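Visitor: In order, the protein sequences belong to chains P, V and E. Its first residue numbered 1, the first sequence is counted upward by one per residue in the working numbering. Its first residue numbered 328, the second sequence is counted upward by one per residue in the working numbering. Its first residue numbered 886, the third sequence is counted upward by one per residue in the working numbering.
Source of the hints: derived by calculation from the structure; they are not laboratory data. Just so you know, not all the hints are guaranteed correct.
What the hints assert, rightly or not - A short, non-exhaustive set of chain P residues, derived as facing chain V with CB atoms under 10 Å:
no., residue
1, 215
2, 221
3, 223
4, 225
Unchecked claim - Result set (DSS-like, lysine-lysine): computed pairs, CA atoms no more than 30 Å apart in a straight line:
no., chain 1, residue 1, chain 2, residue 2
5, V, 467, E, 981
6, V, 610, V, 680
7, E, 1118, V, 429
8, V, 610, V, 546
Said to hold, decoys possible - So the derived label-pair ranges between C-beta atoms look like this:
no., chain 1, residue 1, chain 2, residue 2, range
9, V, 732, P, 155, 33 to 41 Å
10, P, 155, V, 613, 41 to 49 Å
11, P, 66, E, 947, 49 to 57 Å
12, V, 434, P, 161, 53 to 61 Å
Here the structure is a predicted model, which means the values were calculated and not measured. Backbone N, C-alpha and C define an ideal beta-carbon position, used for all residues, glycine too.
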Amino acid sequence: MTETLAFLDAVGDGTAMRVLIRLFSAAVDIVPFAALLLVLRGWARLPWSARVAMLGCILFGFVAVYADAIAPFGEREIVGDVWQGPGTDCLSTADDGTERAGTCHLGTDNLGRDMLSRLIFGAQTTIAVALIASLLSFSAGMLLSFTAAVVGGWTDQILSRINDMLLAIPTLIFALVVLAALPQNIVILVLVMAVIDQTRVYRLGRAVAVDVVVQDYVEAARLRGEGWLWIIFREVLPNVWTPLIAEFGLRFAFAVLFLSTLSFLGLGIQPPEADWGGMVKDNKDGIIFLVPAALYPGAAIALLAVSVNMVVDWMLNRTASLKGGRG
Amino acid sequence: MSEAPGTGPDSAAATAPGTVLEVRDLHIGATVYPPNEPPRDIEIVHGVSFAIEKGKVLGLIGESGAGKSTIGLAALAYGRGGVRITGGEVWLHGENILALPKSGIRGVRGRRVTYVAQSAAAAFNPAHRLGDQVVEAALKHGLMSRREARERARMLFETLGLPDPDSFGRRFPHQVSGGQLQRAMTAMALCPAPDLIVFDEPTTALDVTTQIDVLAAIKRAIEETDVAAIYITHDLAVVAQISDDIMVLRHGNTVEYGPVQQMIEAPREAYTRELLSIRSDIKPQAEDQSGALLQLEGIDAAYGEVPVLFDVSMHLPKGQTLAVVGESGSGKSTTARVITGLLPPRAGTVSFKGEPLPPALSRRSKEQLRQIQMIYQMADTAMNPRQTVAEIIGRPLGFYFGLKGGERARRVAELLDQIEMGQGFADRYPAELSGGQKQRVCIARALAANPELILCDEPTSALDPLVAEGILKLLMELQAETRVSYLFITHDIATVRAISDSIAVMYMGRVVRFGPKDEVLSPPFDDYTDLLLKSVPEMKLGWLERALASRRMDSAGN
Amino acid sequence: MSPVLALILKRIGIGVVLILAISALLFLGVEALPGDFAQNFLGQAATPEAVANIRRELGLDQPVMLRYLDWLGGVVIGDFGESWANGSSVSEQLGKRLANTLFLAAVAAVFAVPISVGLGVLAVFYRNRLPDRIINILSLAAISMPEFFVGYLFIFFFALQFGIGDGPPIIPDPRASVWENVQLVFLPAMTLVVVVIAHMMRMTRAAILNIMESAYVETAELKGLSMLRIIWKHAAPNAVAPIINVVALNLAYLVVGVVVVEVIFAYPGMGQYFVDAVTVRDIPVVQACGIVFAAVYIILNMLADVGAILANPRLRHPK
């Protein structure tokens, strides 16, 4: 146990996380373009709200992936005074001592770092961590729920009762209790988020899969003598992927909000890493001096979440009228 | 009747005296939303005209999609879902109700025209007592006082043969049976003493033995109240018992329209004649019924703690058809589940080719599974909507015989030919097939395994009569070609008579009668078989009265 | 015994079992997790002797099952032990703060329930028309906003710029009148309202739409009844059960949402107590708050189901 903890600590410290996020960013490099191409095919048929939301998602994805290139200043670089106003001048000092003058378009934060740059790096951290957590929770929840629905019997009973119990604990309370007991690092944070969120995925996955499993074509496959892996992957999955993709969007939006909330409470991503929830926490004391610095990251979270939610809403409305056939 | 505003100059040319409803050149349209295509408008009824006199019943008959319900609802100036009345006139006592303003239409609905739905169970509000719902329209339209309405409801309950008419109205919808609910809905339609009632398949969802009583009750109530009615159904035999006129519809067009006697005894159109001749070909039973490919001995089975089968025994010789007949809840589908191994029995054995089969599905070998295949009632849900026809038929070929690539494609093509569908269907998805084609693909999937036995679980009961006829014919041809045996589960005696060699009649989880077809269908009968046989509507005028007079046992729906 | 009563008792039984199971999970789970509390607690000053001392002092050297039963016995009589951080009685703090938290949640509920049910009905009435679309987009936006964003937005604009309502810290005065305290907690309550209203409204809309599309509403329409009567007599009685369910579920959500709002407004409720304890790893307080929050959540969920059972005519009038 102690060795595992030591390992998690090593992976979870700042540098290791940075490497993780870099790797991840490289992997999703292609994503915004692929998304754009995919969307262009049916662009004309999208309602305007879905178009705006889709553009929002692509924009956030782009910023997250190319944060290093876009950000005008460094993530931790102090470029001016505390809480300078938007559009004020600031000064960047490179390692060799050369100075470069610039403008802080959104002003500076509680330590005199450039707000806009922090927001851009924050996008990378927040989106990457939320995405990893929701991917984990999604795969785990799907695998468990489909197994339960297809295998049935005791497997289903045991998994479902455990899940019922975990579902009865409010997510935030659950996370706070567990994080109180565990050391603070990013890997543990992601795992905790994934374990908690997995229960919600499980609930939906099982409901969806059970609907399909009672269909005659699944019975026909059983009677043919097919194994349960065939049934999950060939009979059930192809029929449920549209609602599941929508659910993944919802889970991701929720993960962004949840992560931000934890960071805001001081239990999520630890400074000096920039992440949106943590930035609100850092700058909240400025509010009473009428410094709006804490509102920018809050707005960023809301914009990202609303974009994702609107795309999901459109997908769900679209699939509601779609039954069978190609697509 | 005074001329209402907006009825137009045509009202002068109004209908003959005594006519309650006249529909002229009715056109009905709808907006459809096909996946991945922009929504478009289609027409579903293309100019239908008819007239009904006081005390007369018009039967509307046709297969699904013929537009019968849509036409019926037009008599209330109502379009369900996205359906709109796009043209024509509906004259009710000399007044075109389609031209009425909203408030005028409200004055027609529930007061002058009322409606009886197919599923009374869904159409009654679960939150209110039946009596309150029955009198509601009469009260709200100010037709009578509460006391008068209650008295009329009581009288109607009695006419319709509902138990305990004085207190029946105090019950909630979920507290009475399906057959009673359907009659209560008829009482609700009759209560405001309307000019016209629209019956929309009121007996379709009921068991045959219940259907006959509800049908008789409706007929009696119509006669006693002298109301005009539209009776919608897909069953010509039912409509023949109750109508004065019949209109046959197909794809939103009138095929034939005339008095019932002429329609039944001297139809003019080929389509009507086809409808009349359904299941008239009767296959002679096999001479030798001694062998037993499949044998059930003393099967007891239960769902959890609830016992559903008691000491069920039957057998089926190779190359023949055993029909298992009974109503919902009789245990006929459960018997099939026991044979497949989905529901291991509590006692008794299932033997196949003389060897006992392992009770549970998971203990059976691939070879044992291959030899018994199944066809379902709903071909829609029996095929994975995300697989093409070639994938659906090809999977058993690959799974049981290891066929791959070109060999498999060749065999799929052969099977498609065998079910009389071309190879052009191989790449289609189930959603792109008609109901009959779907069932044919399911048959091909079963055949692909080269089975000895196919369990057919009501494979034709969800299909329109002519399509069902085609499927039965195909099954018989395949049996002649391949010597495959069928265990055919159905509630339809006409089908049983047409295709079986032997019959097992099931009632409340027991086999009440089993033997060669001619023996089972000949007297002396036990009471239940007698009731079942006499409940099956026949395409003869006056059948209803004769059947009611001669049966020995009351149906369970009462 | 009537079947409804049996059903309700069964549901309550499940609730009690769940609370017990969760208490075990919270206690034993936290114990089973790696990391030594004494070590963490002492931090840099953790000499082996000091650790052993503190373990003995806190009773951590006892077997875990024994400590759980001991703790559970205390919980049942309302004794949650003492805080590790300052040795004060957890129950005493909890009592005061729970009252504050419930007061805040109740004020929020009083606003949120009628507004969201009203908006849900409005959305159904104008289904697929402009008001419905606007309500839909606004509710999506509200769902997407984190509590702290809404809270600081309110403080920044209302409390500081326009002088409406109070900013942090907000400390209710037990001697002041209820109305004065309601005014005091206006902004935190509104923050909660915004957060919870969207879910409640969307679920209400879905529940009513489901009913409006049912066959019995069509029957009522074909009886020529007025729209008002159809909604009042035929839709509403059947909508009661699902709406009770929606409201109770969202109240449960609201009680949890309080945690963040209390931190924003520096409000002396259970949420803030909880977060402070988590930050310093004051385990007895964390466990106490965790079990109380979970219990409130489970009880509200249970009430949701009981309400739905009571409002269901099929169950109220058995065969």
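Visitor: Give a verdict on every hint.
Guide: Cross-check of the supplied hints:
Interface restraint check for residue 215 of chain P: the shortest CB-CB distance to chain V comes to about 5 Å, inside 10 Å, so the restraint holds. Nearest Cβ of chain V to the Cβ of residue 221 of chain P: about 8 Å, under the 10 Å cut. The hint holds. Hint on residue 223 of chain P holds. Least Cβ distance to chain V is approximately 6 Å, under the 10 Å limit. For residue 225 of chain P, the interface hint holds, since its Cβ comes within 10 Å of a Cβ in chain V; the closest pair sits about 4 Å apart.
In summary, the hint linking residue 467 of chain V to residue 981 of chain E is not supported, as the alpha carbons are separated by about 56 Å, beyond the 30 Å threshold. As the CA atoms of residue 610 of chain V and residue 680 of chain V are separated by approximately 25 Å, the hinted pair is consistent with the 30 Å bound. Only pairs whose Cα atoms come within 30 Å are accepted, and residue 1118 of chain E paired with residue 429 of chain V is accepted, the gap being roughly 20 Å. Distance check on the hinted pair: residue 610 of chain V and residue 546 of chain V sit about 35 Å apart at the alpha-carbon level, beyond 30 Å; violated.
Separation of residue 732 of chain V from residue 155 of chain P is about 37 Å and conforms to the stated range, judged on CB atoms against 33 to 41 Å. Evaluation of the 41 to 49 Å hint for residue 155 of chain P and residue 613 of chain V yields a pass: the beta carbon distance comes to about 46 Å. Range check, residue 66 of chain P to residue 947 of chain E: about 56 Å between beta-carbon atoms, so the 49 to 57 Å window is met. Between residue 434 of chain V and residue 161 of chain P, the C-beta spacing of about 57 Å keeps the proposed range 53 to 61 Å intact.
Going down the numbered hints, you'll see the structure goes against 5 and 8, while the others check out.
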